[in-house]
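Trainee: Given the structure of chain A, go ahead and fit chains B and C onto it with the hints provided.
Now for the letters of each chain:
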Amino acid sequence: MRPGAFDLLERIRQQKPVIHHLTNWVTIYDCAQVVKTIGASPVMAHALEEVADMVQIASALVLNIGTLTIDFVEAMKIAAQGANKKGIPVILDVCGAGATGLRDRKCLELLSEARIDIIKGNTSEVARVSGESVRTKGVDATEVQGDLAALAEKLAKQRQATVVITGKEDIVTDGKKTFVVANGHGMMTSVVGTGCMAASIIGTFAAVERDLSLAAACALVCYGVAAEAAASKSSGPASFKQNLFDCLYHLDRATVDRMQRIAGLAGS
Amino acid sequence: MRPGAFDLLERIRQQKPVIHHLTNWVTIYDCAQVVKTIGASPVMAHALEEVADMVQIASALVLNIGTLTIDFVEAMKIAAQGANKKGIPVILDVCGAGATGLRDRKCLELLSEARIDIIKGNTSEVARVSGESVRTKGVDATEVQGDLAALAEKLAKQRQATVVITGKEDIVTDGKKTFVVANGHGMMTSVVGTGCMAASIIGTFAAVERDLSLAAACALVCYGVAAEAAASKSSGPASFKQNLFDCLYHLDRATVDRMQRIAGLAGS
Amino acid sequence: MRPGAFDLLERIRQQKPVIHHLTNWVTIYDCAQVVKTIGASPVMAHALEEVADMVQIASALVLNIGTLTIDFVEAMKIAAQGANKKGIPVILDVCGAGATGLRDRKCLELLSEARIDIIKGNTSEVARVSGESVRTKGVDATEVQGDLAALAEKLAKQRQATVVITGKEDIVTDGKKTFVVANGHGMMTSVVGTGCMAASIIGTFAAVERDLSLAAACALVCYGVAAEAAASKSSGPASFKQNLFDCLYHLDRATVDRMQRIAGLAGS
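Residue numbers (the working numbering), protein chains in the order written: chain A, 1 to 268; chain B, 1 to 268; chain C, 1 to 268.
To be clear, the hints were calculated from the coordinates, so they are not data collected in a lab. Incorrect hints may appear among the rest.
To be verified - With beta-carbon atoms standing in for the labels, derived distance ranges:
id	chain 1	residue 1	chain 2	residue 2	range
1	C	K168	A	D71	37 to 45 Å
2	A	L108	B	D147	40 to 48 Å
3	B	D252	A	Q14	43 to 51 Å
4	C	D252	A	E49	27 to 35 Å
Here the structure is a predicted model, which is why all the values come from computation and not from measurement. Just so it is clear, CB atoms sit at the ideal spot from N, CA and C, and this is done for glycine as well.
Just chain A, with the same shape it has in the complex (with noise of 0.2 Å):
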């Protein structure tokens, strides 16, 4: 049976994998936070010099251009060959794509030079490292979502990659099997963040579980399910925050599974 989202949070308190990140300098401390939070044990290393040391002590590597400078990435190509040849997950948060050539750029290095496990943004991020182009403004909520999966199902196959769509509904994909999670609160999008520790928690769930669509989907499942219990007890974004870290910690089976609003697409 296929293992369910506090299946695997519990593997991860038991196996307390190493994550080790190259991410941005804004969020950084959060996605240490987090990745310790839910039971795993975080690295950050990103000198030249020692990054292809540092992800052999790891058991999966998170990489995020959110600050990226023409050095760092380099940083992430030798880290990102070293995963590699050990055979861990990489997760790419393809954050800020589309909001500079450098970016973009930077982007489709990556994804050519290194072989990236798991694509991760928001919806524009995503259409923009596809290659395609997508109204994300003035859309409606459903008809995007058909349009989305799609989007995100192309680019697994032509990248051969998990895809996660982050919104109000995830979207997850490995090309073939398809994941809708609509657990989440609007109050993460007042958090400075919030998305680049779903990048962290993704890459820690995908450290224990071998089919990377479904870990992600998992760790989108206790994210998004912590985040509905932190917001009923939160008066503003900063109290929201210190409520889903510690709600993260608490998270239990029980609350999981009553919780969880986690779909296949029809056809998936």
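Mentor: Chains B and C in isolation, oriented as in the chain A frame:
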């Protein structure tokens, strides 16, 4: 009629301007979060190769030399020149001016190689940038205030910029009119980053109002009112900081109108 | 009579020493905030061109290799040499020593090219720096303690430095006298940055007391007492962290005297 502090906050919530930052690594998260909390959209990007592109999607540029390096200041210059061309306001937090020769030199370079629309610092920082020496210790607050306003007005005229001196009472001047904002709370001095966040908030208000001294004064009113509201329910600097964000998020017209303490200086 | 832990905290609150950091990018905010919370004044500055100037206004220098790069360590060396000349204490957090060859080499370079007054790390980090191999897994806590104290004392004599090993019980030694601090709380291991903050607090106490092993032990007492007080009212790692700051801010003599658990090792 001149818009009030809450009117500008409402504009921010409606227009959701993008605020591009090249800020310091200590408080970068809080700068981003405070901009998001008041309803705008922060972007942090510093690569020499992309700052000119990124500033094109922004409505204001916030610079902060708190953890400067040579390369970082070069990126600031490119971003500021791009902002100048686009016609969006540039705010410079002269964080730590006076502490080292490097900081003094780099402040002056930034001021001479790009148009800085708002210069912001505490008493000794602004004094240093203005090239004057000011005794900032052991001087009675009331006495200092007059001197400081004169200092700020002189620098404003010299640099044709708006000058903001933060402190127990904040002084804002464009050299023609001068505001004194008495909002705020002593607990702010126990939280790292409250000065940096002030610059980010001022930048965000400047994105929606062409009268930059009015924008800066209104920004400091909203920030200070939220700080007072937060302090009344806090038990230390960390809970104060959390409450500050939550109070900023929920700030409403009645609260701002009731609590604001802003005055034009006599003769201004 | 030897000053107690709270006596040193009082000195900090009165003298407000400036503590210069070259620390890691993950926890830089928390390092600054914890220093400010106990009443001192943090300065974070790492540019090669200004560290020698900045350290001149400081009363202690805190180095942390958590996110080291080659250039960053070069700046650390310049800062440390400046601190040595000025005669202020230098504390090195050997964060991640043992994880990669780069970290081991750079720790040794720092130890040989400048005088490091306090070496601080967890068990395996300090063991690595001392050049010994220590089994740190599956060993009973009581058994380890004896070995660790011996390890610390040997390194202290070899490097003529104070050595701090943090853990369930913290060991502090200058090679002549050895303290064991039993304060602290298990929740600290669920919060990223508690180790880095310990180094910052130790550095701050070292700024006001020449007996560095006493300063470090007193620092860990105050930190640990605040952690215990915070844990008793927290519902997870994020609320714990907030309460930790608030409790540190309000720490008073009665609480420290009542809760402190510090001992000199037999024969020390």
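Trainee: Could you run down the list of hints and mark each one as holding or not?
Mentor: The hints, checked one at a time:
no.	hint	in the structure
1	K168(C) - D71(A): 37 to 45 Å	holds (39 Å)
2	L108(A) - D147(B): 40 to 48 Å	violated (57 Å)
3	D252(B) - Q14(A): 43 to 51 Å	holds (48 Å)
4	D252(C) - E49(A): 27 to 35 Å	violated (47 Å)
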